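Colleague: Chains as they are written, first to last, in our numbering: chain U, 1 to 288; chain D, 1 to 240.
Keep in mind that the hints are not guaranteed to be accurate.
Here are some chain D residues pointing at chain U (derived, C-beta under 7 Å) [stated by the list, open to error]:
#: 1; residue: 21
#: 2; residue: 106
#: 3; residue: 109
#: 4; residue: 187
#: 5; residue: 222
According to the in silico footprint, chain D covers these stretches of chain U (three or more CB under 8 Å from chain D) [claimed, not checked]:
#: 6; stretch: 175 to 183
#: 7; stretch: 205 to 219
#: 8; stretch: 222 to 234
Since the hints were made in silico from the structure, they are not lab data. Every value quoted in this text rests on a predicted model; they were computed, and no experiment measured them. Positions of the beta carbon are idealized from the N, C-alpha and C atoms, including for glycine.
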Amino acid sequence: MKLTKLLALVLVIALAVCAFAACGGNDTEQPQTNLDGVNPDTGDNSNVNTDGVDPTPVITELGKDTLVMGTNAEFEPFEYRENDEIVGYDVDTAKAIADFVGMDFSVEDMAFDSLITALNSGQIDMVVAGMSVTDERLEQVNFSNPYYRAAQVIIVPKEGATVASSADLAGKKIGVQEGTTGDIYVEENVENADLNRFKKAVDAAIDLANGRLDAVVLDEQPALRIVAQNDALTVLDEALTEEEYAIAVRKDNPELLSAINACLDDLAETGKTDELLTKYGLNVEDAE
Amino acid sequence: MNSIALWFSQLGESFIEGFEKNLIRQDRWLSLLRGLGVTVEITVGAIIIGTVLGIILCLMKLSSFKPFEKFSQAYIRVFRGTPAVVQLLIIYFGVFGSIRALRGLPKVAAAIIAFGLNSAAYIAELLRGGIVAVDKGQVEAGRSLGLSSWQTMKSIVLPQGIKIALPTYTQEFITLIKETAIAGYIAIEDLTKKGDIIRSRTFAPWFPLVTVAVVYLVLTTTLEIIFGRVERRLRESDKR
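Only chain U is shown next, with the shape it has when bound in the complex:
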């Protein structure tokens, strides 16, 4: 009897903690810009005026000197490790944003599915991780103007592939990266899929090369890089989705959001965007 009481107490405490946290979570969502009915396809989620932004207020608003970028450095060419340093198109863009607002810059590398949680709990200031704008994510965070057009593609083995198009995916063993749009796409659109969610896309690719998966669904650019490094794999010429990458910021941080948008505009106007795209082998036409 004593034990059941103890268990009950533990449960009550745990649930109270949940509830308290959920309550705290709501508070941060109040001072937000209204993003209902945003259409990610048109990229029309920039309801913040970006003209003539004075960058200085950001520092005072954030109350700190360092702008912390959160990312998952397993996503070449947007973010990846080179000599143990995190580099990539997103990293260079984020650095430019830090310069723009006159702050120091640092990068936090974490699991992709933890990024939004980390953002909302204040561990990072912005997510620059090739993150596609989705309705679910828009409920949690604000997105900057989109900066790259992306798509989900299918990776298959070169020889003995059992998947030739998206129609063949049903009932197959499919690898994805947990919490990505590829994960959500397969979960929602593929019937009876044996879904294998990896923390890293590369691990899914290894399993595919080892013959334990039929296909991997992943963002096009990283997929092309993985295939380039693995002779046994190839990418099917079919786009499963149309997506747009954007930078995520907390809803209570509209100052940073407008500064980011202003900086993205500035980079595009000065030709820096094209320069970075070329540097990382990305398609200039897919930038926005």
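Once you've looked at the hints, dock chain D against the given chain U.
Modeller: Chain D in isolation, oriented as in the chain U frame:
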């Protein structure tokens, strides 16, 4: 007064909202339940492999035949001296990945083997601890009664040694349950991973993970109660 009442009603509301969003919507509780099944499957499989292999390793280490002793010693050193997550990755991506015949096996099998091999090292040592703790006089008494050394081990030393080792064995069982949480590294959807997947969908920092933690707690507490009973039963014989 009013504000306190309001705070409580808000607390209740957001709790219900979180409950609905993280557990009810899309039958997420069912997904957690399936994850719990996988966690139990891996743990039970691994504890069986670990116990059988652990007993063999323990006897090898206690044997006077040098190669057996050395092998057991090396095995225990390797598996206790390296992180379980590294062992799991090596076994899954390395061993299971490079041997063609093993590729068809389900991931859960790889996890059961990895955790079983790991657990065997700890179980061998805790059993040895129990056996060594049995008074030397017991062996002498057994031998002087005309029992062979194996008979003495089997009917006198082992039963007492197991009784001494049982609390540590319970501890190892509980550790194993918690350790299986790293199975998500090889895309196995155990309890922890299921909670993590819900978190990646709802972005709730507390609800899915605390729910998972509570389920683990219930699991380990239940185990503790069961083994506590067994221990008490075994201690009956200590009363004279």
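Colleague: All hints are to be evaluated individually against the structure, with a verdict given for each.
Modeller: Going down the list of hints, with the structure as the test:
Restraint check, residue 21/D versus chain U: the minimum CB separation of about 9 Å is more than 7 Å; hint violated. A cut of 7 Å between beta carbons decides the hint on residue 106/D: the least distance to chain U is about 10 Å, and the hint is violated. Residue-level restraint check for residue 109/D is violated (minimum Cβ-Cβ distance to chain U is 12 Å; threshold 7 Å). At a threshold of 7 Å, the smallest CB-CB gap from residue 187/D to chain U is about 4 Å, leaving the interface hint in force.
The closest approach between the C-beta of residue 222/D and any C-beta of chain U is roughly 9 Å, which is over the 7 Å cut-off, so the hint fails. A stretch counts as covered by a chain when three or more of its residues have a beta carbon under 8 Å from one of that chain; for the stretch 175 to 183 of chain U and chain D the count is 4, and the coverage holds. Only when three residues or more bring their CB closer than 8 Å to a CB of chain D does the claim for the stretch 205 to 219 of chain U stand; here the count is 5, and the claim holds. Coverage of the stretch 222 to 234 of chain U by chain D is violated in this model, with 0 residues showing a Cβ closer than 8 Å to a Cβ of that chain against a need of three.
Figure legend: structure checked against the earlier numbered hints; hints not met, in rising order: 1, 2, 3, 5 and 8.
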